[in-house]
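Single-letter residue listing:
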Amino acid sequence: MTADHPHAHAEGPNYLWAALLPLTAFLALVWGINQHALPWHLTLDWAPSLGLAATFRVDGLAAQMLALITGIGALVFIYASGYLAHEPRSGRLFGMLLLFMLAMIGAVTADNLILLFLFWELTSLTSFLLVGWKHEDAQARAAARQALLITLGGGLALLGGLILLAQIAGVWTLSGIVAAGPSLHADPRLSAALVLIMLGAFTKSAQFPFHFWLPNAMSAPTPVSAYLHSATLVKLGVYLLARLDPAFNDLPLWEFSLVGIGTLTAVWAAVLALRERDLKRILAFTTLSALGTLVLLVGLPSPGAGLAVAAFMFAHAMYKAPLFMVAGNIDHATGTRNIDRLMGLRRLMPWTAAVAVLAGLSMAGLPMSFGFVAKDVIASAKAESEVLALISYATVLVNATAVAVAGVAAVRVFWGPPEAPPGHVHEVPWSMRLPPLLLVLVALEFEFLPNLADPLLVAAAQSISPGLGAMQAATTYSFEGTLTALEITLGIGLLLFLAWDRLHALLHRVHWLDRFGPAAGYEYLLHAIPRLAAWQTRHLQTGRLSHYLRQTLAALLLMGAGLAVLSSATPRFDWPALLAWPPIAWAWALACLLILTGAVSALFLRQRIAVLMASGLIGYGSAVLFLFTGAPDLAFTQFAVETVLVVIAASVLPYLPAAKALPRPGKSLDYILAVAAGVATFMLLLHLAGMPENTELAAWFAAHSLPEAHGRNVVNVIIVDFRAFDTLGEIAVLAFSLLAALPLLAGLRRQRAMSSGS
Amino acid sequence: MKSGSVLLERAAPLLYWAMLIIALAILLRGHNEPGGGFIGGLVAVAASALLAIILDPAAALRRQPLAPLRLAMAGVGLTLLSGLPAVFLGLPYLTHLWSGGWSTVLLFDLGVFCAVWGTLTGYLYPLLEADPR
Numbered sequence: 008m009t010a011d012h013p014h015a016h017a018e019g020p021n022y023l024w025a026a027l028l029p030l031t032a033f034l035a036l037v038w039g040i041n042q043h044a045l046p047w048h049l050t051l052d053w054a055p056s057l058g059l060a061a062t063f064r065v066d067g068l069a070a071q072m073l074a075l076i077t078g079i080g081a082l083v084f085i086y087a088s089g090y091l092a093h094e095p096r097s098g099r100l101f102g103m104l105l106l107f108m109l110a111m112i113g114a115v116t117a118d119n120l121i122l123l124f125l126f127w128e129l130t131s132l133t134s135f136l137l138v139g140w141k142h143e144d145a146q147a148r149a150a151a152r153q154a155l156l157i158t159l160g161g162g163l164a165l166l167g168g169l170i171l172l173a174q175i176a177g178v179w180t181l182s183g184i185v186a187a188g189p190s191l192h193a194d195p196r197l198s199a200a201l202v203l204i205m206l207g208a209f210t211k212s213a214q215f216p217f218h219f220w221l222p223n224a225m226s227a228p229t230p231v232s233a234y235l236h237s238a239t240l241v242k243l244g245v246y247l248l249a250r251l252d253p254a255f256n257d258l259p260l261w262e263f264s265l266v267g268i269g270t271l272t273a274v275w276a277a278v279l280a281l282r283e284r285d286l287k288r289i290l291a292f293t294t295l296s297a298l299g300t301l302v303l304l305v306g307l308p309s310p311g312a313g314l315a316v317a318a319f320m321f322a323h324a325m326y327k328a329p330l331f332m333v334a335g336n337i338d339h340a341t342g343t344r345n346i347d348r349l350m351g352l353r354r355l356m357p358w359t360a361a362v363a364v365l366a367g368l369s370m371a372g373l374p375m376s377f378g379f380v381a382k383d384v385i386a387s388a389k390a391e392s393e394v395l396a397l398i399s400y401a402t403v404l405v406n407a408t409a410v411a412v413a414g415v416a417a418v419r420v421f422w423g424p425p426e427a428p429p430g431h432v433h434e435v436p437w438s439m440r441l442p443p444l445l446l447v448l449v450a451l452e453f454e455f456l457p458n459l460a461d462p463l464l465v466a467a468a469q470s471i472s473p474g475l476g477a478m479q480a481a482t483t484y485s486f487e488g489t490l491t492a493l494e495i496t497l498g499i500g501l502l503l504f505l506a507w508d509r510l511h512a513l514l515h516r517v518h519w520l521d522r523f524g525p526a527a528g529y530e531y532l533l534h535a536i537p538r539l540a541a542w543q544t545r546h547l548q549t550g551r552l553s554h555y556l557r558q559t560l561a562a563l564l565l566m567g568a569g570l571a572v573l574s575s576a577t578p579r580f581d582w583p584a585l586l587a588w589p590p591i592a593w594a595w596a597l598a599c600l601l602i603l604t605g606a607v608s609a610l611f612l613r614q615r616i617a618v619l620m621a622s623g624l625i626g627y628g629s630a631v632l633f634l635f636t637g638a639p640d641l642a643f644t645q646f647a648v649e650t651v652l653v654v655i656a657a658s659v660l661p662y663l664p665a666a667k668a669l670p671r672p673g674k675s676l677d678y679i680l681a682v683a684a685g686v687a688t689f690m691l692l693l694h695l696a697g698m699p700e701n702t703e704l705a706a707w708f709a710a711h712s713l714p715e716a717h718g719r720n721v722v723n724v725i726i727v728d729f730r731a732f733d734t735l736g737e738i739a740v741l742a743f744s745l746l747a748a749l750p751l752l753a754g755l756r757r758q759r760a761m762s763s764g765s
Numbered sequence: 002m003k004s005g006s007v008l009l010e011r012a013a014p015l016l017y018w019a020m021l022i023i024a025l026a027i028l029l030r031g032h033n034e035p036g037g038g039f040i041g042g043l044v045a046v047a048a049s050a051l052l053a054i055i056l057d058p059a060a061a062l063r064r065q066p067l068a069p070l071r072l073a074m075a076g077v078g079l080t081l082l083s084g085l086p087a088v089f090l091g092l093p094y095l096t097h098l099w100s101g102g103w104s105t106v107l108l109f110d111l112g113v114f115c116a117v118w119g120t121l122t123g124y125l126y127p128l129l130e131a132d133p134r
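Respectively, the protein sequence lines represent chains A and B.
Heads up, the first sequence is in my numbering, so the first residue is 8 and it goes up one at a time.
Heads up, the second sequence is in my numbering, so the first residue is 2 and it goes up one at a time.
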C-alpha cells in the first residue's frame, strides 16, 4: 500500500477469516447434495405439549437458495474484508452479516410456519441494522427505518396470513399445506389468507407499490447491497411465493395478482431506472425489475415457469452481485458513483472493467452467458402459457432496459471518452477484484457446461412445478425463437443506451412522479403519525387527573351500556339470596361501616392527604370482609397493598399542583357521572351475584393443591406453581416498569436540584 | 428528611428489622398458611418506607441487600432460574421439584419477594428524595 493512499492512515482489523464460515457451510452443502438425495428433513421437539415441532426441510428450491446464500456469502465476506479494511467499526458489520446469513438459512429451510415467520422477521431486523450501519448519516437512518417499517408491516400481514392458512389446512408446515393443495380451495377464508401472504411477500421482494424502499436501501455499504439487496434477502418473497405456488397456481386470484403486480413492478422499475444518475441506484432499479419478472414467472401456470424461476433467480444473483461489487469498486477508487463524472476507467481499473463486461453480457442476455440461457427458458415458459400480448411487450421493454443499463455499467463507465476522473484513481486490492471475477467466471462456466448447473436447477424447478419431468426440463432449452427476440430486444436496448442522457433529461422533468408516487405516500403517512399523536394528545391527554377520570368513567359507562344493549340480556337479580341475612353479620356490619365512613368522609374532606387516607379506609373495609368470608389470604394481601399504596401515593402528592387543598367540585356533569358510575357498578354487582357460579376450576385447584404441589395454601400454590409462568411474566413487567420509570424519576431529581440551586 | 423526633429515629431501625423478619416469616409460611412472596414483599416495602420517611432514603438503601433496580432484576432472575432444574431432568420448564421440606418453589417465591421489594422501593426513594417541599 502506497503512502498516498487516501485511507492509509487508519488500518482496521482484518476480518478475512470470517469468510471461512459461509465457505464451510457452502462446501458442506455441496458435499451433502452429493451424498444424500434431496429432500432432507430435520425435526426437533419445540413445545410438545402444544403439538409444536421445529421442522426443517431442504428440497431443490431450498438447496438452490442455500447455495446462493452461502456461496455468494463467502465471496461477499472476502469482498467486505477489502472494502472495509480501513473501517474501525467493521467487526460489527461482519457480526450482523453473519447473523443475517443464519437468519436467511433458517428462513429457507424452515418448514414450520412459525419458525419461517421468526427467521423472516430476523432477516428484516438485520437488514435494518445493516442499511443503517452508517448511523451518523441521516439519509441512511431514514432508509433503514423505511425498509424496516415496510418489511415489518408486510411481516405482520404475513403472520396473519400464515395463521389463517394453517387454520384452513389444519397443519403448521409448508410441505403439509402444499400437499393439501387443491383441497383448500373451497374454504371461503382462503382469499384473505392469500392476500395477506402476498402482502408479506410483495413488501419483502419490493413489489409495486412497496418498491421504493429498495433503491433507498442503497445507502448501505456495497457488500450489504450486493449480498442482501440483490442476491438473497429480496429473493425471500419470491421464494415463499414459489414455495406455495404448487398449491395455488390454478386460482385466478393468485395467478392474476402475481402476473399483474410482477409485470407492473418490472415495467415501472425499468422506467424509473432511466431517471437515475447514481450507478448503484440504477442497478437497484434493475434489481426491482428482475424481482418483478420473477414474481410474474411464479404466477404463470405452465410447468416450464418453475424452471424459468429457478434459472433466472440463479442467473440474476450471478450477474447482479458482481455488478454491485463493480459499483462499489468504482466508488472506492474514485469517490463517486455519478455516471456523469465516470468515464474511461478502463485503463485505470482493468480488472474491474473485465468483470463489468462479463457480468454485463449476462445481464443483457447475450449469447455465451448464463443470462442467455435464463432468457431462453423464460421465453419458452411464456410461450407455453400463452400470456397476454401486453405482457410480452412489457417484457421486451424490461429486457431492453436491462441491455441499456448493462451498457451503462460495462461500456459507458469504462469505455467512454477518456476524460480524467477526479482525484487519484487506482485499481482496488485483490480482495475486491477476486470475488466478482470468480462469480462471473462460475456463471460463464455454467453456460458452457450446463450439466453442472442442471441438476440443481431442475431439482429447484421441480419443487416449484411438481408436474415438470426431468426430461421435459432438459428439452426446454430450445434456442429457437430466442435469437429473433434477442435481436429485437438488443436493438431497442441499444437505442435506449444511446438516448440515455436525453431520456434522462426528459424523465427528470416529470415532477409529478416525486409528488404523487408511493414513496410520497409513505412520507405523508410517516408525518401523519406524529400529527395524529399530537392531535390526540392535545385533546385527550390534558395532564389533568380530573379529566382522565371523567373520560375513563364516561368511556366505561358507554361501553357497559353498549354491551348491555347488544347482548340484550335481562338483568337477573336473585332477590331471596341477596336479601338473606349473612352468616357473620357483625363482620359485614363492620366492613360496611368502614367503607361508608371512608366514602362519605372522602366527599367532605378538603385536604388531599386526608382524602387519600379516607379512601384507604375503603380498602381496609373490603379486607375485613375477605377476612371473615373465607379468604384470609386475600384479606392479608389487601391490607398490605392498601397500606403501601397510601404510603407511595402520599409521597407523590406533593408533586400535584396546588398541593394543599382540593378544588371544589363545581360542575353538575361530575355529579351525574359519579352517580351513574356508582349506580352502574351496583347493578353489575347485583347481576353478578345472581349468576350461576362455575366452581369446576376452583374445585380442581383445591383438590390438587396438596397432593401435587405440596401446599395447603391454594392461592399461593396457584401463584407459584400452577400458574407460575403467569407470575413470572407479571413480576417481569413489574421490574421492567421500574426500568422505564427511572429516567422520569431522575428528571424529577434534576428539577429539584435546579430549583434548590437557583 | 428528618422527622425531628429522637424517639422515632431511634426506634426506626429496630422496627425495620422486626418488620423484615416478619416479612421473611410471611414468605416462608406462605405455602401452607396465608402469606407468600408477594405479601412478604409488600411488608418489606412498608419496612423500607418507614426508614426512608423517618430517617432518609439513603438510610433505607443502606440496609437493603441490593439497590432497588438490581434487587428487582435479581428477583426476576431467581424466578427464571427456579424453573431450570426441571429442564435438566427432562420435565417441562417451571415444574417445581421437592426434596424434604425444600423445593424450587421457595426460590421462585423469594424471587417474587425481591421483585416486589426492589420495584416499589425503586419508585419510592426517588420520590421522597426529590420532595419539593
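Hints listed in this document are in silico derivations from the structure and should not be mistaken for laboratory results.
It should be emphasised that the depicted structure is a prediction, and the values quoted were computed from it without experimental measurement.
Any given hint could be a false lead.
[Stated by the list, open to error] Coverage of chain A stretches by chain B, computed from C-beta distances (three or more under 8 angstroms per stretch; other residues unrestricted):
no., stretch
1, 127–139
2, 713–723
3, 736–742
4, 753–761
[What the hints assert, rightly or not] On the chain B side, residues computed to face chain A include the following (Cβ under 7 angstroms):
no., residue
5, I23
6, L25
7, H32
8, L43
9, T80
10, L82
11, L98
12, A116
Built from N, CA and C at the ideal position, the CB exists for glycine as well.
Verification of the hints:
no., hint, result
1, 127–139, "violated (count 0)"
2, 713–723, "holds (count 7)"
3, 736–742, "holds (count 4)"
4, 753–761, "holds (count 5)"
5, I23, "violated, 11 angstroms"
6, L25, "violated, 14 angstroms"
7, H32, "holds, 4 angstroms"
8, L43, "holds, 4 angstroms"
9, T80, "holds, 5 angstroms"
10, L82, "violated, 11 angstroms"
11, L98, "violated, 11 angstroms"
12, A116, "holds, 4 angstroms"
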